[in-house]
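Read off the chains here:
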Amino acid sequence: MGSKAVLQVTNVLKTFGGLKALNNLNLTIEEGTVHAIIGPNGAGKSTLLNVCIGQLTPDTGSVEFDGKNITGLEPHEISQRGISRVFQTPQIFEELDILQNVMIPALAHLDGQFTFNAVKDLRHRDDVKRAAMEIIEQMNLADQLHDRAGAMSRGNKRRLELAMCLVQKPKLLLLDEPTAGMARADTNQTIEILKKIKATGMTKVIIEHDMNVVFSLADRVSVLAQGTIIAEGTPAEIRESEIVKEAYLGGAKI
Amino acid sequence: MAIFSVVVLTMPLWMQPFGAAYPDILQKFVIFGVFAIGYNILFGLTGYLSFGHAAFLGVGSYTAVWSFKLLTMNIVPAIILSVVMSGIFAVAMGYVALRRSGIYFSILTLAFAQMCYNLAYSVLTPITNGETGLQLAKSDPRIIDRLFSEAGEGLPSTTLFGIETSGYSGFYISAVIMIIVFYISLKIFNSSFGLKLKAIKANQNRMRYLGFNTKPYLLSAFVISGMYAGLAGGLLAATDPLAGAERMQWTASGEVILMTILGGVGTLFGPLLGVIIIKYFENIFSAVNQLDLHSLYAIFPAWLENSLVAISSLFVGEGWHMTLGLLFMFVVAFLPGGVLEGLQLIYKKIKTRLIKNNKSTGTDTDTKQETGANHGE
Chain A
449 MGSKAVLQVT
459 NVLKTFGGLK
469 ALNNLNLTIE
479 EGTVHAIIGP
489 NGAGKSTLLN
499 VCIGQLTPDT
509 GSVEFDGKNI
519 TGLEPHEISQ
529 RGISRVFQTP
539 QIFEELDILQ
549 NVMIPALAHL
559 DGQFTFNAVK
569 DLRHRDDVKR
579 AAMEIIEQMN
589 LADQLHDRAG
599 AMSRGNKRRL
609 ELAMCLVQKP
619 KLLLLDEPTA
629 GMARADTNQT
639 IEILKKIKAT
649 GMTKVIIEHD
659 MNVVFSLADR
669 VSVLAQGTII
679 AEGTPAEIRE
689 SEIVKEAYLG
699 GAKI
Chain B
19 MAIFSVVVLT
29 MPLWMQPFGA
39 AYPDILQKFV
49 IFGVFAIGYN
59 ILFGLTGYLS
69 FGHAAFLGVG
79 SYTAVWSFKL
89 LTMNIVPAII
99 LSVVMSGIFA
109 VAMGYVALRR
119 SGIYFSILTL
129 AFAQMCYNLA
139 YSVLTPITNG
149 ETGLQLAKSD
159 PRIIDRLFSE
169 AGEGLPSTTL
179 FGIETSGYSG
189 FYISAVIMII
199 VFYISLKIFN
209 SSFGLKLKAI
219 KANQNRMRYL
229 GFNTKPYLLS
239 AFVISGMYAG
249 LAGGLLAATD
259 PLAGAERMQW
269 TASGEVILMT
279 ILGGVGTLFG
289 PLLGVIIIKY
299 FENIFSAVNQ
309 LDLHSLYAIF
319 PAWLENSLVA
329 ISSLFVGEGW
339 HMTLGLLFMF
349 VVAFLPGGVL
359 EGLQLIYKKI
369 KTRLIKNNKS
379 TGTDTDTKQE
389 TGANHGE
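So the protein lines, in turn, are chains A and B.
Number 701 in the working numbering belongs to position 253 of the first sequence; there are no gaps in the numbering.
Number 245 in the working numbering belongs to position 227 of the second sequence; there are no gaps in the numbering.
Some hints here could point you the wrong way.
As the list claims (entries may be wrong) - In silico PhoX-like cross-links for lysine-lysine, where the CA-CA straight-line distance does not exceed 20 Å:
(1) 367/B - 577/A
(2) 605/A - 219/B
(3) 577/A - 205/B
FYI, nobody ran anything at the bench for these hints, they're computed from the structure.
Isolated chain B (complex conformation) (with noise of 0.2 Å):
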């Protein structure tokens, strides 16, 4: 747990040579991360796929900025609320689908969810402000501030009791909370709860058979792993005070789906990694055009260099999907453990090779984050 803290609050400098360590996306690692870390606890626990988990997170980003609104600048009362509120909607939501089981289950929360992102663009715009996305604006009450100061000029931005919440220390105020809700995930997956929804999932009807009302035990779960949604929305907003309903999409749901399949469905680290890689993709793959590619194959004879670039263009840029779709498949097809099996791999192979030749072996927890951020290269 010590060694995972440092790694995590050491990222902006191990991320570095990857070119990833801006605050930017350090957040979007540590905040995809909590959110990934509660699908996990759902998906890799109980077997039981969601898509509607995009709606939970909307749901806490939207919470989060009203919060901003009405209430404080102040990040804690937001992230609160918009763990509360998402609770609930996972309670009404988890209520009504987990009267099924397998593909009905996925599918009851699919429509959930994009009844959810429909009624964000219609009828509840005066909530959610449609298209545009819900803004702080100059008007807002925030009756809480208003008890200690004037209004300022300008926005106002996100707090943690004077602390701003952008840059870098939005990502550590991110990174603690992720450490901490990665360390609840983890007394989940030891605790008799845990071991009971790995029944649930292994034989469910064992598990009536054996006098186990499996119900509130899947509700539980769903609940959890809503709020743990609701808490990355949340954080998105406080980090960024804007909400939109794009965020409730279908698309929004596939990709932590995405995210902790390639990592490892019901391990601990791999949600974290799958988020690693996929953001890494998004941000700094997307981003590499003809003119790098160009300076990266310069040593190269003109015609040879051309070709390459011809090739290479189709997997970065704009083409970014396809690497991450074949990288996805390759998993699916060749490692169902996800990337965290693969590195298994590698790590035993490595200690075995290590053994023969009478050496000790000194891997720990970093060295695994460090190949995994290669794998994503």
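Just chain A, same shape as in the assembly (with noise of 0.2 Å):
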């Protein structure tokens, strides 16, 4: 590791009327790495992945993304650099069928800004069905290509989310808690696709509660409490750590 930076979040302050939901955050993250973020409820988790896809503007401070600010862009613009993330409830298009769902991503990459080639017929678009064709083989949801993404299981439609934002090829993922409220079964399952993820070598930041998903994926874990970092480290050394025993047991909770 210690190679170059993807994403620099600097004194970052964000208040909600007297709440300082971010407080001065400082976080980095390493090309490569998967770096997960943990952190009691109203730690500010949330708000530092909305701070990140241009859902919130910080009020001070600044983010930058591959070396370039990218503080107060669309939420458009900075997913045309490369950010996309899979949210905490699935966000995906529930009136349309699954292979839509995900051709609408793939698209993305070719016509995001509005262009009067967005007219094209569908039927011309092969090389955009083929990606999202192979995305939605690997989420093993291939047998439902047809199937209303709305009348999904939860499971699956975290699935279908994490499909469409890989087949934008994304150079940073977020992913806020993508195990929440699963089924022992399905996590596992999202635990070995999210490995699989993980030798492409593609950057990633996962928010989550469940340890083991934690010490089974991140290189690097960075603890948040009260809006701001209050320790980093190898998952091994968090373990360790005294002072995120207190953050979890109390004492530090808001």
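From the two separate chains plus the hints, produce the assembled complex.
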């Protein structure tokens, strides 16, 4: 490790009323790592991701991606630069079928910015379809290709959303509790899939409560409490850390 | 597509049994068909409910009549100009209204259309001729026509290179245009553009986080549907060269929403079915009077006849709105997919029954359309 930083969050402050959700937070995500962010409820984990994808603009501080400042950019601009996010509640196109759900992000790669090229007939988009099919097969969803996405189980919806993000081949993938609310079997399957992606060298940030997931996937772990990073290190170091135990067992809770 | 064209062009034949085979109402079927097809591109695909599309219909009509007055009685420049003009209006209105979504978008479009309507009655009277409506006059310049011939006696009529565009020829010209624009909307529905619009309807935030700038997509859908409305307005003027401000009132926008929902939002044929049903009610049902009812129930004894007439007269003639309202309530409550969904259910039931009887099935859009008109009775 010690290679170049993909994401650099510098002195970010974000307040909601009087509450400091992010309190001068600094975070560096290095290229090719799987970086887990853990912390008690209300520590600011989701706020951090929202700031990274442009859903929220920080009050002060900056977010740099790939060496360029992305603070204050529109969500679609940030996405086009290569950040994808899997949400805590799956954000998919419920009315469309699975193939369409994955084809749309694949199309974004071609014409996310509006062009009249976009009026082209779908039948000529063989390459888009091929890319979509490849990911759908990886996610074991190929047998339900033309099912309405909204009718699927929660676990499948999550996998579909993951497929939608992966088909874009992002430089940085943000995962917000990818296994929350999943049955044990589904969780294991998701871990397997995430391990497979890890092999491709894609940089990932995972927010997770399930320590099994964290310790089986992450290269580095940051602990977030009351809007700041209170500890950072390898999974083994974090497991032994006194500060972390305190943050989880009491005292630092908001 | 071929079947669809045949069905549309033979409307004068198969509309006969329903008493709707005269050019005036047939023209309305296809012209409002254009309007509804266009409206469906916005409402059906993106889910944005516009209350302002009547403004484009009005703009299209005024533009066409002005083209008849100033340029030529030929409908080609009139129609092209009305599409362009309504497109320009749609860009302006869409640019402002699309800053919001949901109910706020609807209210902004409503405000814009009502503004157009009121301006047409007041400040813009020199252009719109206020309450009287914009009409042709003998003294109109008609520059292009004058190059070729002297002004004749009386008012000239609208033509398509010499073919008069009223009556049946007006219907056929409008029908051909409707078939063309239907084909275009079919292409839009099946293109990746159409897919993205559907995705915006399903989850606009997701689209943003996938890297789509959704504004231009919405604006182009809005402008396309505005141009469809302008085309319909131009055609209305082409078949009857008169433009009044009442065409721009919000009730006209409401009517196209009713048509689209009644027929089936987001389906290809649904809006057309809705148009036929509503225009049929408006023109045929409203014309039924007490005498017609008496002759209809003549076979019953007098006391029964009279009470039947008393009950049914609530629903026909002046009361056609009530029948339509009840039908609309029924459709929204039980068939959210519109009349088209109902027809598909019936079609499926018939099909499964036929398969049970080991018979081959041979249903096409023709029978679908016919049953659609039956529904309207």
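Against the structure, the hints come out as follows:
no. : hint          : in the structure
1   : 367/B - 577/A : 34 Å, violated
2   : 605/A - 219/B : 18 Å, holds
3   : 577/A - 205/B : 19 Å, holds
Checked against the numbered hints given earlier, the structure breaks only hint 1 and satisfies all the rest.
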